[in-house]
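K.L.:
Given chain A's structure and the hints, the job is docking chain B onto it.
Residue numbers (this note's numbering), protein chains in the order written: chain A, 323 to 780; chain B, 3 to 456.
Note that these hints are calculated values from the structure, not bench results.
Just to be clear, a hint being listed does not mean it is correct.
[As the list claims (entries may be wrong)] Calculated pairs, EDC-like style, for lysine to aspartate or glutamate (alpha carbon to alpha carbon, straight line, at most 16 angstroms): (1) K599(A) x D213(B); (2) K316(B) x E204(B); (3) K274(B) x D537(A); (4) K598(A) x D213(B); (5) K466(A) x D760(A); (6) K348(A) x E681(A); (7) K640(A) x E436(B); (8) K666(A) x E681(A); (9) K637(A) x E307(B); (10) K275(B) x D537(A); (11) K637(A) x E204(B); (12) K313(B) x E528(A); (13) K316(B) x E480(A); (14) K404(A) x D500(A); (15) K472(A) x D500(A); (16) K496(A) x E398(A); (17) K316(B) x D760(A); (18) K109(B) x E436(B); (19) K137(B) x E20(B); (20) K640(A) x E204(B).
[Said to hold, decoys possible] Here are some chain B residues the structure puts well away from chain A; computed CB gaps all over 10 angstroms: (21) K26; (22) T267; (23) T405.
In this text the structure is predicted, and so the values were computed from the model without any measurement.
Ideal placement from N, C-alpha and C gives every residue a C-beta, glycine not left out.
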Amino acid sequence: MSVAPEMQKVFQYIDDHREEYIELLKKFSAQPSVSAQNWGMREMAELIKDSLRKMGVPAELVETHGVPGNPIVYGELNYGKKYTATAYNHYDVQPPEPLEQWKTPPFEPTIVGDRIYGRGTSDNKGSMLSRHCAVDAYLKVYGKLPINMKFMVEGEEEIGSPSLEGFIKDNSEKVKTDCFMWEGGTRTVNGPVHVSFGVKGVTSFELRCYGANTDLHSANASIVPSPAWRLVQALATMKNDRDEITIDGYYDTIVPPSEEDMEFLKTLPFDEEATKKRLGIPAFINNLTGVELQKKNLFLPTLNIQGIQSGYTGKGGKTVLPSYAFCKMDTRTVMGQRPDKVMKQIREHLDRRGYSDIEIIPGSNTLPFRGSPDNPLFKAVVKNIPDIYSQPAAVFPSTPGSTGVGFMYELTGIPAVCFGVMNEESNAHAPNENIFLDDYICGIKLTAAVIHDLGELG
Amino acid sequence: MDKPVEKVFSYIDAHQDEYIELLKSFCAQPSVSAQNLGMKEMAQTVQNTLNGLGIKTEYLPTDGYPIIYGELPQGRGRTLTFYNHYDVQPPEPLELWESPPFEPTIKDGRIYARGVADNKGSFLSRVCAVDAYQKVCGDLPVNVKFITEGEEEVGSPHLDSFRVNYPDKLKTDGIVWEGGSKDINRGPLQVTLGYKGLCYLELRCRGANTDVHSANAAIVPSPAWRLINALGTMKNERDEITVDHYLDCLIPPTGQDMAYLQNLTFDEEATKKSLGIPAFINGLTGIPLKEKWLYQPTLNIAGFETGYTGKGDKTVLPCCAMCKMDLRLVPGQDAEQAYRLVRAHLDRRGYTDIEVVKLSGKNPFRTDNDSRLVKASLKNAEEIYGMPPSVYRSSPGTTAMGTFCGPTGIPAVSFGIDHAESNIHAPNENIYLEDFINGIKMTAAVMHDFGADD
Numbered sequence: 323m324s325v326a327p328e329m330q331k332v333f334q335y336i337d338d339h340r341e342e343y344i345e346l347l348k349k350f351s352a353q354p355s356v357s358a359q360n361w362g363m364r365e366m367a368e369l370i371k372d373s374l375r376k377m378g379v380p381a382e383l384v385e386t387h388g389v390p391g392n393p394i395v396y397g398e399l400n401y402g403k404k405y406t407a408t409a410y411n412h413y414d415v416q417p418p419e420p421l422e423q424w425k426t427p428p429f430e431p432t433i434v435g436d437r438i439y440g441r442g443t444s445d446n447k448g449s450m451l452s453r454h455c456a457v458d459a460y461l462k463v464y465g466k467l468p469i470n471m472k473f474m475v476e477g478e479e480e481i482g483s484p485s486l487e488g489f490i491k492d493n494s495e496k497v498k499t500d501c502f503m504w505e506g507g508t509r510t511v512n513g514p515v516h517v518s519f520g521v522k523g524v525t526s527f528e529l530r531c532y533g534a535n536t537d538l539h540s541a542n543a544s545i546v547p548s549p550a551w552r553l554v555q556a557l558a559t560m561k562n563d564r565d566e567i568t569i570d571g572y573y574d575t576i577v578p579p580s581e582e583d584m585e586f587l588k589t590l591p592f593d594e595e596a597t598k599k600r601l602g603i604p605a606f607i608n609n610l611t612g613v614e615l616q617k618k619n620l621f622l623p624t625l626n627i628q629g630i631q632s633g634y635t636g637k638g639g640k641t642v643l644p645s646y647a648f649c650k651m652d653t654r655t656v657m658g659q660r661p662d663k664v665m666k667q668i669r670e671h672l673d674r675r676g677y678s679d680i681e682i683i684p685g686s687n688t689l690p691f692r693g694s695p696d697n698p699l700f701k702a703v704v705k706n707i708p709d710i711y712s713q714p715a716a717v718f719p720s721t722p723g724s725t726g727v728g729f730m731y732e733l734t735g736i737p738a739v740c741f742g743v744m745n746e747e748s749n750a751h752a753p754n755e756n757i758f759l760d761d762y763i764c765g766i767k768l769t770a771a772v773i774h775d776l777g778e779l780g
Numbered sequence: 003m004d005k006p007v008e009k010v011f012s013y014i015d016a017h018q019d020e021y022i023e024l025l026k027s028f029c030a031q032p033s034v035s036a037q038n039l040g041m042k043e044m045a046q047t048v049q050n051t052l053n054g055l056g057i058k059t060e061y062l063p064t065d066g067y068p069i070i071y072g073e074l075p076q077g078r079g080r081t082l083t084f085y086n087h088y089d090v091q092p093p094e095p096l097e098l099w100e101s102p103p104f105e106p107t108i109k110d111g112r113i114y115a116r117g118v119a120d121n122k123g124s125f126l127s128r129v130c131a132v133d134a135y136q137k138v139c140g141d142l143p144v145n146v147k148f149i150t151e152g153e154e155e156v157g158s159p160h161l162d163s164f165r166v167n168y169p170d171k172l173k174t175d176g177i178v179w180e181g182g183s184k185d186i187n188r189g190p191l192q193v194t195l196g197y198k199g200l201c202y203l204e205l206r207c208r209g210a211n212t213d214v215h216s217a218n219a220a221i222v223p224s225p226a227w228r229l230i231n232a233l234g235t236m237k238n239e240r241d242e243i244t245v246d247h248y249l250d251c252l253i254p255p256t257g258q259d260m261a262y263l264q265n266l267t268f269d270e271e272a273t274k275k276s277l278g279i280p281a282f283i284n285g286l287t288g289i290p291l292k293e294k295w296l297y298q299p300t301l302n303i304a305g306f307e308t309g310y311t312g313k314g315d316k317t318v319l320p321c322c323a324m325c326k327m328d329l330r331l332v333p334g335q336d337a338e339q340a341y342r343l344v345r346a347h348l349d350r351r352g353y354t355d356i357e358v359v360k361l362s363g364k365n366p367f368r369t370d371n372d373s374r375l376v377k378a379s380l381k382n383a384e385e386i387y388g389m390p391p392s393v394y395r396s397s398p399g400t401t402a403m404g405t406f407c408g409p410t411g412i413p414a415v416s417f418g419i420d421h422a423e424s425n426i427h428a429p430n431e432n433i434y435l436e437d438f439i440n441g442i443k444m445t446a447a448v449m450h451d452f453g454a455d456d
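Isolated chain A, as found in the complex (with noise of 0.2 angstroms):
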């Protein structure tokens, strides 16, 4: 299991123009594209379009028709083959905001010791052009591609991919594919590449719970029902102390791992200690470590309080007994559970204990996905990681954060696998983002050695 010997052309190439591609990632992290404030899309869209066709992929600007509407760069590389791999990104960022903590500006991309910062380098400007380059060394050294190859980039990812759904609907020929490499990936810094071919989905809501029609003096507080009660009593009937989830039924429809998803978990760098450290706790939820802590942590659902609110909250006491207690929750979902499912289960367990007056009100959803080891793709990327990285990949077969990967697949039935170059340090949606160049410059061999596996598919 090690990379291809024609690849030895390839990767000789990506190292002469190491200088060319880390121009382009400069070049495409100083045009801002931030969708949250409509700075810079269509430059952005336009600049992509430029880059592929000037690789030799054809490629367009198809428009959508959500809000606001940011065009999808597609471009396609179709040489009549069995296999089709797709490469999904996005060309959007996030807000630059606080300026002030940034050591450089966000849309200044600045090359100190050997990290890249700036706005977009880790999310997602980076891992896009590692499947763009990879195309263009191997396009260079062979002329083509060994597998049909397209490319969708999307401006709407930060905002919640509002005109995704339109997309894939109107153009089915254009979504068709095999698998998606998705959007991107972590590593661990000095540790192993994140290889992950499975999501757990994110359903949000918020409970609210009403009292008398006014704040009252708490010398009531005997005889008024109290709204901020009823929600902390409704609430702890939905979790107990050991952290299960008491929903009547949540765990009744999850997929468990099975015995080959349990393996992967050996192979992940979670480092415990230094993890606890960081964060300034005692231990992990139950004392759990090793593989017993993966698996909670990457194949059960959760239930989260993002927040609270009720009464007086400021400095010294208020004597008031609140007429109005609200929480805002999500709910980490794994495969065998559905949003609509999952926010049935939540009413009726509120119901079947009298808390029919509790109003839930349902908020955005992602689904879950788990895919399967026995994809192409993904052996693919696992094979080639260790000569490309020194060590082999942590795989996930479940990460448990979420993404559109789920949606994607019930849309289309098509598999992801998710990698890219971003590291745990990289600094997502925060000042001072970042990616390592060396990091930048493996993803694009890591892709162009994977696209070489799959043309062995036909």
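P.N.:
Same frame as chain A, now just chain B:
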């Protein structure tokens, strides 16, 4: 009714306008302790007014606002003390006032102004009673003391030091406490013989040293859930406090205490309607409702905050959670003990990491039912208002009565000039002029009976 008191009443009726003018001048002077607005001027006015009655006054500075103390020895066997406060609540929100809060306005038999009910009207009902009694009888039937503080609306932080530093000034045979209200307009007078205590706690629970992405919720402990689970052990769904040993030491109401409940006017339907609630806790009505209201402790959540509470959702696992609780206490309990029981309850269940901070405490107090002051108050309330009083053996609220009377055992009774819609602490605070005049008579009559020979 005794003849001298009838003469005093006639004098009060004849001098109504004078007393109402005095009330207006007091209410025109802002005295907002929370905002340090007009406090010095108001303290001076109180002192000048008491001096005008021949009372020997002292200006007792505190770290906050001064207490105006006064005494008028009459060589009598008994001493009666009037406790009141000259500070008022902030007038905000100003836009909801129909007349300016510090421009007392008379309309339809009521006078509107900030402080007119809480507590300037009741204070002046004591002052005017002394004045009328002196004018008619020359001297008073009791020795009189006035303790008038300027920090009641900010929690009376210096009252306990007054008790400790001036035991001679506190020495008395009874205290007419602050003021009081009515259950319904033109209804019976409320006479309050005690108050619940109050222990104000803040519970704080911490997790990681920073908020983290909620993707970590499967493995990183959540202080919000921890606090919820801890709270879930402290009260059940039937509103029963389940803190270990919390109810062990309660002194249950006596037969007389329960009998008082019969006379309380509490319009359950109207209250439910005005609050927009389908039922009181546990669907209680009648005597059981009143019993719980007046004689049972509470464990109230005054505030709860954790994490993100803005618009939309933020997938965050908050690193800290905070809950403010106020615990109303009944006889048998005290604030320090309540705090300790909560602490021990949490410790016993492994919640030793949850910080419990006691922000303030006041002990409960009930006056001896058989005391002379209680009898004088109940008798005159019936005669002056023409119907038996509503006796609150214990108010569901809290005052500093326990601060003075708990350690000393001094009997204390509250009655005053408010009514059910006086809007205390709210815009358009008001009293009926009739209630003000009756309050003067009531105070004069209680003085008379309290001082009378047996």
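K.L.:
Please flag the earlier hints that this structure goes against, numbers listed from lowest up.
P.N.:
2, 5, 6, 7 and 17
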